[in-house]
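Trainee: Residue-level listing of the chains:
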Amino acid sequence: MSQVTRRELFPGVWLRAVHTDKFKSAYLSLTLLCPLDKDTAGPNALIPAVLRRGTAVHPDMESLSAALDELYGGAIEPVVRKKGETQCVGFVASFLDDAYTLKGEKILESAAALLGEILLNPYTQDGCFCPDYTAGEKQNLIDRIRSQINDKRTYATQRLVQEMCQYEAFGVDKLGSEESVAAVTPQSLWQRYQQLLRQAAVEVYYCGSADADRVEAALRSALAPLENGGERSVPDCQVRLTAGPEPLMATEELDVTQGKLALGFRTGGQTCWEESYPALTMMNAIFGGTTLSKLFLNVREKLSLCYYASSSLEKQKGLVLVSSGIEFEKFDTAKNEILAQLDAIRRGEIEPWELEGARRTLIGGHLATLDDQGRQEEFWLGQAVAGLDTTIEELCAQFETVTAEQVAQSAQKLELDTIYFLKGKEG
Amino acid sequence: MEKLEFSQVGERMYKEKLPNGLTVFVFPKPEFQKGYAFFATNYGGMDMHFCLDGEWHDTPAGVAHFLEHKMFDTKEGNALQDLAANGASPNAFTSSAITGYYFESTEKFEENLRILLSFVSVPWFTPESVDKEQGIIGQEIGMIEDDPEWKVFMNLMAALYQNHPIRVSVAGSVESISHITADTLYACHKAFYDPANMVLCVAGPVEAEHICQVAKEILPKEAGPIAAKDYGPQESTRAAKALVEEKMEVSTPIFQLGYKGDALPQGEERLRSQLVGELALEVLLGNSSPLYAKLYRQGLINRNFSYGCESYPGCFFLCAGGESKDPEAVREAIAQEAGRIGRDGVDGKLWERVKKGVYGNKVRGLNSFENLCVGQAQAFFAGYDFLDFAALFASITKKEAEEMIVSWVTQERTALSVVRPKEG
Numbered sequence: 001m002s003q004v005t006r007r008e009l010f011p012g013v014w015l016r017a018v019h020t021d022k023f024k025s026a027y028l029s030l031t032l033l034c035p036l037d038k039d040t041a042g043p044n045a046l047i048p049a050v051l052r053r054g055t056a057v058h059p060d061m062e063s064l065s066a067a068l069d070e071l072y073g074g075a076i077e078p079v080v081r082k083k084g085e086t087q088c089v090g091f092v093a094s095f096l097d098d099a100y101t102l103k104g105e106k107i108l109e110s111a112a113a114l115l116g117e118i119l120l121n122p123y124t125q126d127g128c129f130c131p132d133y134t135a136g137e138k139q140n141l142i143d144r145i146r147s148q149i150n151d152k153r154t155y156a157t158q159r160l161v162q163e164m165c166q167y168e169a170f171g172v173d174k175l176g177s178e179e180s181v182a183a184v185t186p187q188s189l190w191q192r193y194q195q196l197l198r199q200a201a202v203e204v205y206y207c208g209s210a211d212a213d214r215v216e217a218a219l220r221s222a223l224a225p226l227e228n229g230g231e232r233s234v235p236d237c238q239v240r241l242t243a244g245p246e247p248l249m250a251t252e253e254l255d256v257t258q259g260k261l262a263l264g265f266r267t268g269g270q271t272c273w274e275e276s277y278p279a280l281t282m283m284n285a286i287f288g289g290t291t292l293s294k295l296f297l298n299v300r301e302k303l304s305l306c307y308y309a310s311s312s313l314e315k316q317k318g319l320v321l322v323s324s325g326i327e328f329e330k331f332d333t334a335k336n337e338i339l340a341q342l343d344a345i346r347r348g349e350i351e352p353w354e355l356e357g358a359r360r361t362l363i364g365g366h367l368a369t370l371d372d373q374g375r376q377e378e379f380w381l382g383q384a385v386a387g388l389d390t391t392i393e394e395l396c397a398q399f400e401t402v403t404a405e406q407v408a409q410s411a412q413k414l415e416l417d418t419i420y421f422l423k424g425k426e427g
Numbered sequence: 001m002e003k004l005e006f007s008q009v010g011e012r013m014y015k016e017k018l019p020n021g022l023t024v025f026v027f028p029k030p031e032f033q034k035g036y037a038f039f040a041t042n043y044g045g046m047d048m049h050f051c052l053d054g055e056w057h058d059t060p061a062g063v064a065h066f067l068e069h070k071m072f073d074t075k076e077g078n079a080l081q082d083l084a085a086n087g088a089s090p091n092a093f094t095s096s097a098i099t100g101y102y103f104e105s106t107e108k109f110e111e112n113l114r115i116l117l118s119f120v121s122v123p124w125f126t127p128e129s130v131d132k133e134q135g136i137i138g139q140e141i142g143m144i145e146d147d148p149e150w151k152v153f154m155n156l157m158a159a160l161y162q163n164h165p166i167r168v169s170v171a172g173s174v175e176s177i178s179h180i181t182a183d184t185l186y187a188c189h190k191a192f193y194d195p196a197n198m199v200l201c202v203a204g205p206v207e208a209e210h211i212c213q214v215a216k217e218i219l220p221k222e223a224g225p226i227a228a229k230d231y232g233p234q235e236s237t238r239a240a241k242a243l244v245e246e247k248m249e250v251s252t253p254i255f256q257l258g259y260k261g262d263a264l265p266q267g268e269e270r271l272r273s274q275l276v277g278e279l280a281l282e283v284l285l286g287n288s289s290p291l292y293a294k295l296y297r298q299g300l301i302n303r304n305f306s307y308g309c310e311s312y313p314g315c316f317f318l319c320a321g322g323e324s325k326d327p328e329a330v331r332e333a334i335a336q337e338a339g340r341i342g343r344d345g346v347d348g349k350l351w352e353r354v355k356k357g358v359y360g361n362k363v364r365g366l367n368s369f370e371n372l373c374v375g376q377a378q379a380f381f382a383g384y385d386f387l388d389f390a391a392l393f394a395s396i397t398k399k400e401a402e403e404m405i406v407s408w409v410t411q412e413r414t415a416l417s418v419v420r421p422k423e424g
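Listed in order, the protein sequences are those of chains A and B.
Our numbering puts the first residue of the first sequence at 1, with every later residue one more than the last.
Our numbering puts the first residue of the second sequence at 1, with every later residue one more than the last.
Everything labelled a hint here was simulated from the structure, so no lab data went into it.
Any given hint could be a false lead.
List of simulated lysine to any residue pairs, SDA-like, C-alpha gap at most 20 angstroms [unchecked claim]:
1. Lys22/A - Phe379/A
2. Lys152/A - Lys151/B
3. Lys398/B - Ala329/B
4. Lys103/A - Gln8/B
Kindly generate the complete structure, drawing on both the sequences and the hints.
Mentor: Laid out in structure tokens, this is it:
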């Protein structure tokens, strides 16, 4: 069985270590927790990409790749994520576990050192990031921001959130805006980087066959310069309890053949910090979270109103987001039917197979997380940002006891806040 | 029951051939929560021309994929929902060579396995349900034809090959699937879904004996005849066309380069060539090759650049692609680098390093039950065991990779497919 520990490496720098023999690889991630903010999101997102281009010791990608090959083809990838109103920027790394090296080499220490080198000892010119790498990665990030519109399904949800939370930090995209990225200079990025190293809370994750003491020693040595930081604090998340008196309506026209309808609900203060969280999660699963859900079986399959229809839960911010693909002229029917399905849950019209199906799917999905290092990392990072210590097994036990009545009560608190509709251009 | 140990990579595999001809592979993983089952037939999109009971059949493009969609229908309802109600995540896919059905579950694994084996082996089609599916798959075809990544790859296949059925879309076309009837589906199910033409691979906290027992109970008791397949005459090694271009809604040009290889025999030799191909790509244009760094620096490729080596019966090729403002320049740079390798050889240190990297990546990939089970199913149909790579890997020489680069990365074997943005 695996053993999960949590230790403070330096003030504000935490290690979550999962000790297990069941994987062929060791997984290591390092994340700087930054408050989500429209002015800094772009530069923050750029930092790991520029850092990954080269270090003082390995000044270009070729020499970094060579160093990774020596570690049996390890991977260190820059990553930007959004958890509640926290922008998580850093690296995820995966290496061959020591048990499977051909000559018995120990990889963890070298891997941790390389990760530390990439974060803390970048390739510089004139005392800051090199103009060449900065310009190249700026262009890559801008291309990535621009290409978000290519996937209309994700784009619709992103636009919904942007409209719904326009006066809240949550409305900011994890990659920031094109303008804020374009304005970056090697000097301004360097200042931002120095600031983050001093102020951001740091979350380190390890999963593999090394015990926590060995992991702690390897990371203390690799991340030693982080010992001297300032006050590192984990960002907050503001929760709005209610929607406005009337739902906000946003419509956009693009050259598309399929319409996208997205609905955003406030959960009335139900979040991962509340006792009602297991019921809220079950409610979302029954509403639109699985292939047994009301949205999938009724709106999609039975009534053929949508090409797809599903709902997702933002557990920190307290939002339920519905996403669907429809024909343009089905806007009213589809919207009304989605709301009718929610009303059915509010009235407690939940069949035993719906309740049990949702419960089994949720529990199955959570337990399967224990079999996947990446998904486990994602879970623990979410817990770290939320300041929670609940384990996957404990959550599963909570799902076991949720009743249909609690699910109905949870649905009753949902308030429709914003409707977003993406349709084709006229003519 | 046969027990195979692959101690170098910490794996153990049980193998049993049942009296009905089905081969079962089990990877016991007592320390895991979930179990994964993959049930596949050696039948895919390219198997359109075949002989059963002495009679040759020509079937429309897209039958294997259509069949995959319809197999979930049961007399009582739909197997997808039955599996989901048990907390399982089921799905299926059709490739050019195989069709596979699978699920993952942490609870009720045996019950879910019974459902899987049963719905795949018992066909249930009606003219009405076939009609309805024609509409659904028609929409799916419309969606993939709008997908530039798919388009650029299919165009590459059509450029590399003159007549091999790898050129044909697995899903078929709206026109080709309009010829599919319930009778076509029953006939193809009979021809290819016999246990003797199938494989079952399971990984998870399970016992091998027990898995075989369940399979014996659910599946037909005896083996039936298996259809003989035909892919047409052996292709020459010359690419049919050097360049194919198309315009679509993309923000930058995307491209795929293909290098046509020699078709491979079954068995270990095939695995060996596959490994040589992977290593050849790494030293020629892989992430730690000198060429990759140069192209990235010049802004000719970005992080989307990817590459692979693909083998199917009757065809084997190397490919590489991604986004580029100038795909022709990428093609030229690779050709030049291949020429340089021909003259100077591959740097010895680079070779050792890359070999270590590729090996580690392959071993890390074994974390995934899907990778393990799908990999073993494909390997079984190709005549070897997936995990044989671990022992074979050390014996692959630099010379083999150099020879492949020199003889394959040539002008006459190269095809380039580009999808460019629409103007204005």
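Trainee: Between Lys152/A and Lys151/B, is the straight-line Cα distance small enough, at 20 angstroms or below?
Mentor: This hinted pair holds, its Cα atoms lying about 19 angstroms apart.
Trainee: If you draw a straight line from the CA of Lys22/A to the CA of Phe379/A, is it 20 angstroms or shorter?
Mentor: holds, 18 angstroms
Trainee: Hint check: Lys103/A vs Gln8/B, CA-CA at most 20 angstroms. Holds or violated?
Mentor: Holds, at roughly 11 angstroms.
Trainee: Lys398/B and Ala329/B were given as a pair; does the straight-line alpha-carbon distance stay at or below 20 angstroms?
Mentor: violated, 27 angstroms
Going down the numbered hints, you'll see the structure goes against just number 3.
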